[in-house]
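Given the coordinates of chain F, work out where chain A with the ligands should sit on it, guided by the hints.
Now for the letters of each chain:
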Amino acid sequence: MAILEVKGIEKSFEDTHVLKNINFSLEKGEVMAIIGSSGSGKTTLLRCLNFLERPDKGSIIVNNEVIFDATNPSTQKESELRKKRLHFGLVFQNFNLFPQYTVLKNVTLAAELLAKERPDYKQNKKAITEEIQERAKMLLAQVGLSDKLDFYPHMISGGQQQRVAIARALALEPDILCFDEPTSALDPELTGEVLKVIKNLAERDTTMIIVTHEMDFARDVADRVIFMDDGVIVEQGSPQEVFGNPKEERTKQFLARYNKT
Amino acid sequence: MNEISVIISRLSESFLLNCKLFALTLIFSLPLGLLIAFGSMSRFRPLRWLVRTFVWIIRGTPLMLQLIIMFFGPGLLGLSFSWPGGASGRFIAATVAFIINYACYFSEIYRGGIESIPKGQYEAGQVLGMTKPQIFFHVTLLQVIKRIIPPVGNEVMTLVKDTSLARIIANKEIIMMAGEYTNKGLIWPLFATGIYFLVFIGVLTILFNWLEKKLSYFRT
Ligand SMILES: Nc1ncnc2c1ncn2[C@@H]1O[C@H](COP(=O)(O)OP(=O)(O)O)[C@@H](O)[C@H]1O
Ligand SMILES: [Mg+2]
Numbered sequence: 001m002a003i004l005e006v007k008g009i010e011k012s013f014e015d016t017h018v019l020k021n022i023n024f025s026l027e028k029g030e031v032m033a034i035i036g037s038s039g040s041g042k043t044t045l046l047r048c049l050n051f052l053e054r055p056d057k058g059s060i061i062v063n064n065e066v067i068f069d070a071t072n073p074s075t076q077k078e079s080e081l082r083k084k085r086l087h088f089g090l091v092f093q094n095f096n097l098f099p100q101y102t103v104l105k106n107v108t109l110a111a112e113l114l115a116k117e118r119p120d121y122k123q124n125k126k127a128i129t130e131e132i133q134e135r136a137k138m139l140l141a142q143v144g145l146s147d148k149l150d151f152y153p154h155m156i157s158g159g160q161q162q163r164v165a166i167a168r169a170l171a172l173e174p175d176i177l178c179f180d181e182p183t184s185a186l187d188p189e190l191t192g193e194v195l196k197v198i199k200n201l202a203e204r205d206t207t208m209i210i211v212t213h214e215m216d217f218a219r220d221v222a223d224r225v226i227f228m229d230d231g232v233i234v235e236q237g238s239p240q241e242v243f244g245n246p247k248e249e250r251t252k253q254f255l256a257r258y259n260k261t
Numbered sequence: 001m002n003e004i005s006v007i008i009s010r011l012s013e014s015f016l017l018n019c020k021l022f023a024l025t026l027i028f029s030l031p032l033g034l035l036i037a038f039g040s041m042s043r044f045r046p047l048r049w050l051v052r053t054f055v056w057i058i059r060g061t062p063l064m065l066q067l068i069i070m071f072f073g074p075g076l077l078g079l080s081f082s083w084p085g086g087a088s089g090r091f092i093a094a095t096v097a098f099i100i101n102y103a104c105y106f107s108e109i110y111r112g113g114i115e116s117i118p119k120g121q122y123e124a125g126q127v128l129g130m131t132k133p134q135i136f137f138h139v140t141l142l143q144v145i146k147r148i149i150p151p152v153g154n155e156v157m158t159l160v161k162d163t164s165l166a167r168i169i170a171n172k173e174i175i176m177m178a179g180e181y182t183n184k185g186l187i188w189p190l191f192a193t194g195i196y197f198l199v200f201i202g203v204l205t206i207l208f209n210w211l212e213k214k215l216s217y218f219r220t
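Residue numbers (the working numbering), protein chains in the order written: chain F, 1 to 261; chain A, 1 to 220.
If you're looking for bench data, these hints aren't it; they were derived computationally from the structure.
Since no wrong hints were added, every one of them can be taken at face value.
Quick partial rundown of chain A residues pointing at chain F, CB under 10 Å, derived from the structure: (1) Val127; (2) His138; (3) Phe218.
Beta carbons: idealized from backbone N, C-alpha and C, even for Gly.
In isolation and in its complexed conformation, chain F is listed as follows (with noise of 0.2 Å):
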């Protein structure tokens, strides 16, 4: 049964059409790797995924349910999507850390304000914020930075601060995580220790979309492989498919500039 998908997905900025027809999905433990070169429509993919952007057109279903639906306004309303929302998590290219916040208080925070939506905060806050703390704790465990938990941001370097974002859109336990180039803003010497956690993410059989410009990478950790040109997917198939066998010329131009770099 597919966890997520996406039918007929469009966007357009004033006069410029970013996404056309974007249709795929998603099987629960899959990753996803989106490949394509700068201003194919990657990122904005993403941002509608994660309702930062809201499709023209085209619809989003998680586990059955249809959390989007472009031509059903009553599955737009802003208080809805805030929660729908949470099926997905986000992972930026620049990080986007709380800077007046320690390591583990970023991850708690998102955390922390949702419980207090809960019926029983009042009488369990204790309990809850200490399931809140721990699971925190446990997840900068699993992204190896337990020694940083009372660190600010700008205390650590941009690969420990690419790991936190990853521990603080896990602490929420979204159904999908996405990754937006997660290595690209980071000096090359960085990029192996958050390529290390994403892939033992995947080794966990979390469902994850990467959108990336590692090649290598993608055809390590990936389960399916899209490639996207001006706006449309090109191509989707295995690893072995895209990298090893590309049917589309568009595909070959692409990956045929990445092997000479």
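Just chain A with the ligands now, with coordinates in the frame of chain F:
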């Protein structure tokens, strides 16, 4: 000797008016400025332009002129409203003019501070399921405060000195008091007023440096 201490005590008394005006202006203009800042960033275009035009007029004309208009305007326009008579009326008119003037300056500082926060901060809050007020109070507010402390500090110090403009509508503040002695040929009280301002500004400088230091544990 006796003469000197009398003059000093009268100067000090009149400086109380400067202090009162300063305090009242801050208490009301700091929050009012935030309201104006939200107005000037409103997505509702007519409101935004109305507020921005108002801010432009207030920032584009001398405070001294605004004081005169505030005090004499109602009478000249034949409005039924009028300020209470005597010193209290003049003081209230001055306070209102100061509050409006400074709220407009603060609003621009707030707006600059709010708009300087990277979009990624809001978006990070959004994808983590936070509401707009939660994002404002838990994510952006402290970052904004950190960024606006230096310009707000400047403005607050300017306010200290600006309070002496209230004399234009006959509020007996410290420079007006010293002027009475100057008219009698005694010049030193006027120079002495400078010390009052210097001490006040010195205290504020220490306070703002302390605040800045308090928030230096993170970087934006
Ligand atoms: N907010 C926006 N307003 C206008 N144009 C945009 C906006 N966001 C993206 N675009 C345009 O959409 C196209 C795709 O951008 P993007 O999704 O960022 O591509 P990618 O992530 O693949 O590099 C680009 O041409 C870009 O200029
Ligand atoms: Mg991009």
